[in-house]
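Participant: Sequence:
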Amino acid sequence: MPLDAWRKVLDINLTGAFLCAQRAARLMVQGKAGGAIVNISSVHNVIPWGGYAHYCAAKAGLDMLTKTVALELATENVRVNSVAPGAIGTPINEDVWKDPEGLRDLLRKIPTARVGQTEEVAACVAFLCSDEASYVTGAVLYVDGGMTLYPEFRHGG
11 MPLDAWRKVL DINLTGAFLC AQRAARLMVQ GKAGGAIVNI SSVHNVIPWG GYAHYCAAKA
71 GLDMLTKTVA LELATENVRV NSVAPGAIGT PINEDVWKDP EGLRDLLRKI PTARVGQTEE
131 VAACVAFLCS DEASYVTGAV LYVDGGMTLY PEFRHGG
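At position 13 of the sequence shown the residue is numbered 23 (my numbering), and the sequence of numbers has no breaks.
Please note that the accuracy of each hint is not assured.
[As the list claims (entries may be wrong)] Have a look at the derived ranges for each label pair, beta carbon to beta carbon:
#1 Pro101 x Thr25: 16 to 26 Å
#2 Glu86 x Glu162: 40 to 50 Å
#3 Trp59 x Pro101: 18 to 28 Å
#4 Pro58 x Asp21: 14 to 24 Å
#5 Asp109 x Gly41: 28 to 38 Å
[To be verified] With a straight-line Cα cutoff of 20 Å, these simulated DMTMM-like cross-link-like pairs (lysine to aspartate or glutamate) come out:
#6 Lys42 x Glu82
#7 Lys42 x Asp141
#8 Lys18 x Asp73
#9 Lys119 x Glu104
#10 Lys119 x Asp109
#11 Lys77 x Asp14
#12 Lys119 x Glu130
#13 Lys42 x Glu86
#14 Lys119 x Glu162
#15 Lys119 x Asp105
For the record, the hints were derived by calculation from the structure and aren't laboratory data.
Predicted, not measured: the structure shown is a model, and the values here were computed from it.
Every residue, glycine too, gets a C-beta built ideally from N, C-alpha and C.
Put together the whole structure using the sequences plus the hints.
Facilitator: This is the structure in structure tokens:
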């Protein structure tokens, strides 16, 4: 992998989130009203993905950033969490969903045997921003249909 590809993915997925959280936190602390920051991670924070070391490293780093910033801002009434989607039906992944063989292979990796919808991810983000999640901070919420349960081991591996 070329170094520039590595840097680009880390800059977008990790440094970008850091800069956004830094600015948001500053405003939330100055306003003394607190608030919620939600980062978008991925199941690839814990599931290795060949050929995508840069993406996996960025998402794993993002979750540690989430936890560290949550710890630092807890006394300021600012909650920080991550949502880690699995296979979600978006245009960027359309080539997989449209290929019957690719879809069949993917669904074997998802215990619920379906692709998630963007609305399901959005609902989790909304929950983490709501008062109902006022005691939730430093968490990583997986929205993955069970992908992180390692379904290949369902029957003993």
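Participant: Would you check the hint for Lys42 and Glu82, treating anything up to 20 Å between C-alpha atoms as holding?
Facilitator: 15 Å, holds
Participant: Measure nothing beyond the straight line between the CA atoms of Lys42 and Asp141; if it is 20 Å or shorter, mark the hint as holding.
Facilitator: 16 Å, holds
Participant: Please check whether Pro101 and Thr25 have a Cβ separation lying inside 16 to 26 Å.
Facilitator: 25 Å, holds
Participant: Honestly, do Asp109 and Gly41 meet the 28 to 38 Å range at C-beta?
Facilitator: Distance hint for Asp109, Gly41 is violated at roughly 49 Å.
Participant: Do the alpha carbons of Lys77 and Asp14 lie within 20 Å of each other, as the hint requires?
Facilitator: 27 Å, violated
Participant: Taking the CB of Glu86 and the CB of Glu162, does the distance hold inside 40 to 50 Å?
Facilitator: Between Glu86 and Glu162, where Cβ atoms are some 43 Å apart, the hint holds.
Participant: For a C-alpha distance cap of 20 Å, please report whether Lys119 and Asp105 respect it.
Facilitator: 17 Å, holds
Participant: If you draw a straight line from the CA of Lys42 to the CA of Glu86, is it 20 Å or shorter?
Facilitator: Cα-Cα ~7 Å, so holds.
Participant: For a C-alpha distance cap of 20 Å, please report whether Lys18 and Asp73 respect it.
Facilitator: Cα-Cα ~18 Å, so holds.
Participant: Do the beta carbons of Trp59 and Pro101 sit within 18 to 28 Å of each other?
Facilitator: 19 Å, holds
Participant: Is the hinted pair Lys119 and Glu104 satisfied, with a Cα-Cα distance of at most 20 Å?
Facilitator: 17 Å, holds
Participant: Is Lys119 within 20 Å of Glu162, Cα to Cα?
Facilitator: Distance ~7 Å between Lys119 and Glu162 Cα, so the pair holds.
Violated hints, listed in ascending order, are 5 and 11; each of the other numbered hints is respected by the structure.
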